[in-house]
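If you're matching them up, the sequences are chains A and B in order. Residue numbers 4 to 245, in this note's numbering, belong to the letters of the first sequence in order. Residue numbers 108 to 641, in this note's numbering, belong to the letters of the second sequence in order.
If you're looking for bench data, these hints aren't it; they were derived computationally from the structure. Among the hints, erroneous ones may be present.
[As the list claims (entries may be wrong)] Derived BS3-like pairs (lysine-lysine); straight-line CA-CA distance at most 25 Å:
{"id": "1", "chain 1": "A", "residue 1": "Lys-86", "chain 2": "B", "residue 2": "Lys-382"}
{"id": "2", "chain 1": "A", "residue 1": "Lys-135", "chain 2": "A", "residue 2": "Lys-89"}
{"id": "3", "chain 1": "A", "residue 1": "Lys-240", "chain 2": "A", "residue 2": "Lys-202"}
{"id": "4", "chain 1": "B", "residue 1": "Lys-546", "chain 2": "A", "residue 2": "Lys-86"}
{"id": "5", "chain 1": "A", "residue 1": "Lys-89", "chain 2": "B", "residue 2": "Lys-382"}
{"id": "6", "chain 1": "A", "residue 1": "Lys-202", "chain 2": "B", "residue 2": "Lys-546"}
{"id": "7", "chain 1": "B", "residue 1": "Lys-325", "chain 2": "A", "residue 2": "Lys-89"}
{"id": "8", "chain 1": "A", "residue 1": "Lys-170", "chain 2": "B", "residue 2": "Lys-325"}
{"id": "9", "chain 1": "A", "residue 1": "Lys-135", "chain 2": "A", "residue 2": "Lys-86"}
{"id": "10", "chain 1": "B", "residue 1": "Lys-205", "chain 2": "A", "residue 2": "Lys-86"}
{"id": "11", "chain 1": "B", "residue 1": "Lys-382", "chain 2": "B", "residue 2": "Lys-292"}
[As the list claims (entries may be wrong)] Per the computed footprint, the stretches of chain B lying under chain A, defined by three or more beta-carbons under 8 Å from a beta-carbon of chain A, are:
{"id": "12", "region": "223 to 231"}
{"id": "13", "region": "549 to 559"}
{"id": "14", "region": "578 to 584"}
Glycine included, every Cβ here is placed at the ideal spot set by N, Cα and C.
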Amino acid sequence: MRRRIRTASTALMTLFILAVPVLASSEHESGYEKTGIADPVEGWNHLWHEMLWDITVMGVIFALITIYFMWRYRRRFPQQEGKQVKLTFAGMMLWALLPAAIFMADDLYLAGKTWALYNTYRNVPENSMEIKLESAMWSWNFTYPNGVQATNELRVPVGKPIVMRMKSRDVIHSFYLPDFKVKEDSMPGRVTYLWFYPKEVGEHVITCAEFCGVMHSNMRGTLIIMPVDEFNTWLEKEKANI
Amino acid sequence: MSQSVSFGKNLSQWIFTTDHKRVGILYLIGSLAAFAVAGLMAVLIRVELSSIGPTITNPQTYNVWLYFHGAAMILGFQIPALTGFLANYLVPLMIGAKDVAFPRVNALSLWLFWMGIIVALLTFVVPNPPDFMWTAYPPYSIMSGGNTSFYTFTVLIMGFSSIVGGINLIATIIYMRAPGVTWAKLNIFVWATMCAFILQLIFVPVLGSAVTLLTLDKYLGTHFFDPAMGGDVLLYENLFWFYSHPAVYVILLPMMGIIYEIVATFAKNRIFNKKVVVFGGFIGTTVLSGEVWVHHLFTSGMPNWIRLGMMVSTLLISVPVGLMMIGLVGTLYRGAIQYKTPMLYACGFIFLFLVGGLTGIPHAMAALTLALHDTHFVVAHFHYVIAVSGTFAVFGGVYYLFPKMTGKMYNEALAKLAFFVLFIGVNVTFFTMFIVGLKGMPRRYFDYSHMPQLEHLHKIQTYGAFVIGLGALLILITWLHGAFYGKKAPTNPWGSRSLEWTHTESPPGPGNFGGKPLDLPEDWDPYGYGVNPD
Chain A
4 MRRRIRTAST
14 ALMTLFILAV
24 PVLASSEHES
34 GYEKTGIADP
44 VEGWNHLWHE
54 MLWDITVMGV
64 IFALITIYFM
74 WRYRRRFPQQ
84 EGKQVKLTFA
94 GMMLWALLPA
104 AIFMADDLYL
114 AGKTWALYNT
124 YRNVPENSME
134 IKLESAMWSW
144 NFTYPNGVQA
154 TNELRVPVGK
164 PIVMRMKSRD
174 VIHSFYLPDF
184 KVKEDSMPGR
194 VTYLWFYPKE
204 VGEHVITCAE
214 FCGVMHSNMR
224 GTLIIMPVDE
234 FNTWLEKEKA
244 NI
Chain B
108 MSQSVSFGKN
118 LSQWIFTTDH
128 KRVGILYLIG
138 SLAAFAVAGL
148 MAVLIRVELS
158 SIGPTITNPQ
168 TYNVWLYFHG
178 AAMILGFQIP
188 ALTGFLANYL
198 VPLMIGAKDV
208 AFPRVNALSL
218 WLFWMGIIVA
228 LLTFVVPNPP
238 DFMWTAYPPY
248 SIMSGGNTSF
258 YTFTVLIMGF
268 SSIVGGINLI
278 ATIIYMRAPG
288 VTWAKLNIFV
298 WATMCAFILQ
308 LIFVPVLGSA
318 VTLLTLDKYL
328 GTHFFDPAMG
338 GDVLLYENLF
348 WFYSHPAVYV
358 ILLPMMGIIY
368 EIVATFAKNR
378 IFNKKVVVFG
388 GFIGTTVLSG
398 EVWVHHLFTS
408 GMPNWIRLGM
418 MVSTLLISVP
428 VGLMMIGLVG
438 TLYRGAIQYK
448 TPMLYACGFI
458 FLFLVGGLTG
468 IPHAMAALTL
478 ALHDTHFVVA
488 HFHYVIAVSG
498 TFAVFGGVYY
508 LFPKMTGKMY
518 NEALAKLAFF
528 VLFIGVNVTF
538 FTMFIVGLKG
548 MPRRYFDYSH
558 MPQLEHLHKI
568 QTYGAFVIGL
578 GALLILITWL
588 HGAFYGKKAP
598 TNPWGSRSLE
608 WTHTESPPGP
618 GNFGGKPLDL
628 PEDWDPYGYG
638 VNPD
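Bound conformation, chain A alone:
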């Protein structure tokens, strides 16, 4: 029995020791690698796939064991009864602490990686452009730094991180950019923010993710990422029109 306890504690120690360098190395996973500017989308995709592998492997192993047991231990004759193993105290503790340690190691591993990516999501890059957003039932109203306003069409220059400072005129809405893997609620009485990195010219969906009434699903907008000079021309023109 003592030997089993020793085996168990060695296994636990090993797991924790294995988890430490993984936690320490998670800085690399935060999406900084390729671009110089952090890109949360890259980090998200990376972490998503890693998480997907993680849960798929766990799920498949568990499911296969279950299916095997279901087939292997089917009743062979009436009146047959099961012969469950009777666990010793050490066995009981082993079957509690070993799975707990494995789950906790996996939890902390994922938590560490998430933490790094989360920092990327929440730390706004320094050279970013701030656009104010006021949401209302049922529209998105944007204000650019020079006072230009726009509704439901968010035009931004390519290659410049955009930070949205958000509040709401009436109820809670949620500014959701599916292609940029990010959303944050906008609400009355509080200012929230999110940022995203428009890397390429193109158009993307803006859509509301917090239930806000009858026209909730019609609370949409378009994110238009433009070449820088085109964007500047547009902004100047709009400024002149005010």
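Chain A is fixed; fit chain B onto it per the hints.
Frame of chain A; chain B shown alone:
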């Protein structure tokens, strides 16, 4: 005696009953009524989403359907079916008690629940029905023309019913156990019920206060949630989820409990590592349940430190839940499994819960959830992990107890067919829902014309919903057919060792054990299988 146990001859005997078994069955009927109406709403919702643009209704009506589906399924079906029906029916039988500790109070909690069901159903009769989802976030629920008070009173009445029932059953478990039914030998379902009711007693008052403040804000002009007057919109979200996250464990624990009972009975096997399942799994979940609610507010502008803190505590829920799952599959090990219908539901449950549980992990991860929060991905996740798993547990439980409750057997072949139809239906619908959510479809949408690429996936989900509807219909037919035309059931058709099967008639008479004091042998164990190895 035989006359008083006969099934439903005299209506007033049922209305004025204080017998825990009849109370339990009346809970079941009420919760199945809620399930039927809310399930119909679900099919209508799916039909509406089957094509782009308005399909069969307008957004206003659609939102009422969504509201009713959510509120009725959770408050009217899941919680009452698991903690009302199963707990009331099983707990006194399992612990060898004549009845619950306070039978009249039990009748009170039952009829409060029925009042709650009626108030909830009035949604469809009153002008301006509630349209603000079961979460009822202000300011929308305050500004909405919908009738917020119907929501509030449904919650308060159901909540009060639950508190009264909780005190009753906790007292029953502590004080009414027959000699020989020690804490160590207690059925695992009884442990689960105990933990679930402790959660209800701690957390229901919080929900009660949240919805009361909502009503005061709306009808009496207070400003608890109005930022223009010094209130805070996030206060409600915090209070709401401070109850409503533990509420999922109120559902989870009894559903685990009943599945354990089914698996132990049909595998004729002792529960694997029962102590660890109870103390690590059930009590561990109970302890952790109040420390995770902020994961519902991961995109609501909460401070970073609490998002990261609650990310870790949420991920750690995998430890007690993992222990429960290991215990469940461990109980199959070296068993003698007989695949009757309840066991099929238990096996189905293991797979549904596995998918649901594992897809909970990305939601807990505070960065990944920034994309997944409030999409169909989370809808698919909680349908797998609570909605469908819970329903499988309830249905499995009904099949399991069917001979005991009615004294008749159901048709095994029809029941198995219904199971497979249901199992295929839920997987078609909800697995597809994961994909739609991952592609960015937000939840509570009436229309998705800006995401036309998702239409065919929505169609598949709708076909699945019809299959689910067909399965539910078949199950209803099985039950009605069994109750009226079934063959007479023996007292212990499953060969269980648990008191409710070994020491009672089918159905049990008043006083459960025929008035004789229970005389349990020293080595009695509700899971004492395999003592005489053959």
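Now for the hints, and whether the structure bears them out:
The hinted pair formed by Lys-86(A) and Lys-382(B) meets the criterion: a straight-line CA distance of about 18 Å does not exceed 25 Å. Proposed proximity of Lys-135(A) and Lys-89(A) is contradicted: the alpha carbons are some 65 Å apart, above 25 Å. The straight-line distance between the Cα atoms of Lys-240(A) and Lys-202(A) is roughly 24 Å, inside the 25 Å bound, and the hint therefore holds. Simply put, Lys-546(B) and Lys-86(A) have alpha-carbon atoms about 48 Å apart, too far for the 25 Å limit, and the pair is violated.
Proposed proximity of Lys-89(A) and Lys-382(B) is supported: the alpha carbons are some 12 Å apart, at most 25 Å. The suggested pairing of Lys-202(A) with Lys-546(B) holds, with an alpha-carbon distance near 20 Å, which does not exceed 25 Å. For the hint linking Lys-325(B) to Lys-89(A), the alpha-carbon distance of about 60 Å lies beyond 25 Å, and the restraint is violated. This hinted pair checks out: Lys-170(A) and Lys-325(B) have alpha carbons roughly 22 Å apart, not beyond 25 Å.
Taking the CA atoms of Lys-135(A) and Lys-86(A), the gap is about 67 Å. The hint is violated against a cut of 25 Å. Between Lys-205(B) and Lys-86(A) the CA atoms are separated by roughly 33 Å; this puts the pair beyond 25 Å, and the hint is violated. For the suggested pair Lys-382(B) and Lys-292(B), the alpha carbons sit about 10 Å apart, so the restraint of at most 25 Å is met. Evaluation of the coverage hint for the region 223 to 231 of chain B: breached, as 0 residues show C-beta separations to chain A shorter than 8 Å, against a requirement of three.
Three residues within the 8 Å Cβ limit are the bar, and the region 549 to 559 of chain B against chain A gives 9, so the coverage statement holds. Counting residues of the region 578 to 584 of chain B whose CB lies closer than 8 Å to any CB of chain A gives 0, which falls below the minimum of 3, so the coverage claim is violated.
Comparing the model with each earlier hint shows violations of hints 2, 4, 7, 9, 10, 12, 14; every other hint is respected.
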